[in-house]
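Trainee: Each chain, written out:
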Amino acid sequence: ETGVTQSPTHLIKTRGQQVTLRCSSQSGHNTVSWYQQALGQGPQFIFQYYREEENGRGNFPPRFSGLQFPNYSSELNVNALELDDSALYLCASSRGGLTTGELFFGEGSRLTVL
Amino acid sequence: GQQVMQIPQYQHVQEGEDFTRYCNSSTTLSNTQWYKQRPGGHPVFLIQLVKSGEVKKQKRLTFQFGEAKKNSSLHITATQTTDVGTYFCAGRSNYQLIWGAGTKLIIKP
Numbered sequence: 001e002t003g004v005t006q007s008p009t010h011l012i013k014t015r016g017q018q019v020t021l022r023c024s025s026q027s028g029h030n031t032v033s034w035y036q037q038a039l040g041q042g043p044q045f046i047f048q049y050y051r052e053e054e055n056g057r058g059n060f061p062p063r064f065s066g067l068q069f070p071n072y073s074s075e076l077n078v079n080a081l082e083l084d085d086s087a088l089y090l091c092a093s094s095r096g097g098l099t100t101g102e103l104f105f106g107e108g109s110r111l112t113v114l
Numbered sequence: 001g002q003q004v005m006q007i008p009q010y011q012h013v014q015e016g017e018d019f020t021r022y023c024n025s026s027t028t029l030s031n032t033q034w035y036k037q038r039p040g041g042h043p044v045f046l047i048q049l050v051k052s053g054e055v056k057k058q059k060r061l062t063f064q065f066g067e068a069k070k071n072s073s074l075h076i077t078a079t080q081t082t083d084v085g086t087y088f089c090a091g092r093s094n095y096q097l098i099w100g101a102g103t104k105l106i107i108k109p
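Listed in order, the protein sequences are those of chains A and B.
The first sequence begins at 1 in this note's numbering and counts up by one.
The second sequence begins at 1 in this note's numbering and counts up by one.
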């Protein structure tokens with residue numbers, strides 16, 4: 001049990017729709033990072049939020065956006081969904097921003113785009 | 001771009017055999033982490049290595065960071081069924097954590 005919760009756990013969308021995924025970080029953690037994990041692949045870094053500001057971004061287009069709230073919970077928004085966006089989306093919380101150590105992952109949100 | 005390579009993606013071993021997996025980076029890393037993901041689960045942190053040549057042990061697991069801080073290894077002694085899962089290395093470079101594709105450890109029946 002990592003203390004990181006994600007919602008929803010599963011969802012199905014159609015191409016072109018928009019989706020919002022939510023993450024509550026572990027108590028005391030000020031950093032949240034989001035990852036996309038396709039089946040059989042390693043997690044791909046989307047972006048990271050530290051104290052409500054994005055402070056790192058992977059190779060994902062602008063239609064992937066996010067927010068971090070004052071309580072350090074976070075949202076991942078994906079606009080104009082494409083079939084290739086089908087994946088497990090993982091949220092990880094930690095302390096210390098970009099120099100952070102151990103990541104604590106939630107169970108993930110499995111998105112299927114039809 | 002920066003890459004962290006883990007090959008092969010699958011390894012079958014007999015229960016009781018040793019298992020070793022290597023992780024290679026195209027760039028020098030500030031640190032490297034190892035995670036384990038069980039089927040249907042999420043990655044769980046195992047260890048972080050920071051110093052050149054560092055070796056850390058956790059019971060039957062031994063982790064090593066290369067002298068050049070470009071590669072690392074995971075060695076499991078006498079594998080057990082509880083070791084089944086996918087092992088990922090993740091290297092930190094330019095403040096970003098870059099993940100390998102993982103190696104799935106499968107115990108032969």
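No wet-lab data here; the hints were simulated from the structure.
One or more hints might be untrue.
Calculated Cβ distances over 10 Å to all of chain B for the following chain A residues [said to hold, decoys possible]: (1) GLN17; (2) LEU67; (3) GLU107.
To give an idea of the chain B side of the interface with chain A (calculated C-beta under 8 Å), a few residues [unchecked claim]: (4) GLY16; (5) PHE19; (6) TYR22; (7) PHE45; (8) GLN48; (9) GLY53; (10) VAL55; (11) SER73; (12) GLY85; (13) PHE88; (14) GLN96.
Heads up, the beta-carbon is just placed ideally off N, CA and C, and yes, glycines get one too.
Trainee: The structure should be examined with respect to each hint, and the outcome stated for every one.
Mentor: Status of the hints after comparison with the structure:
| no. | hint | verdict |
| --- | --- | --- |
| 1 | GLN17 | holds (25 Å) |
| 2 | LEU67 | holds (20 Å) |
| 3 | GLU107 | violated (5 Å) |
| 4 | GLY16 | violated (27 Å) |
| 5 | PHE19 | violated (18 Å) |
| 6 | TYR22 | violated (15 Å) |
| 7 | PHE45 | holds (4 Å) |
| 8 | GLN48 | holds (5 Å) |
| 9 | GLY53 | violated (19 Å) |
| 10 | VAL55 | violated (18 Å) |
| 11 | SER73 | violated (17 Å) |
| 12 | GLY85 | violated (13 Å) |
| 13 | PHE88 | holds (5 Å) |
| 14 | GLN96 | holds (6 Å) |
Of the numbered hints listed earlier, those contradicted by the structure are 3, 4, 5, 6, 9, 10, 11 and 12.
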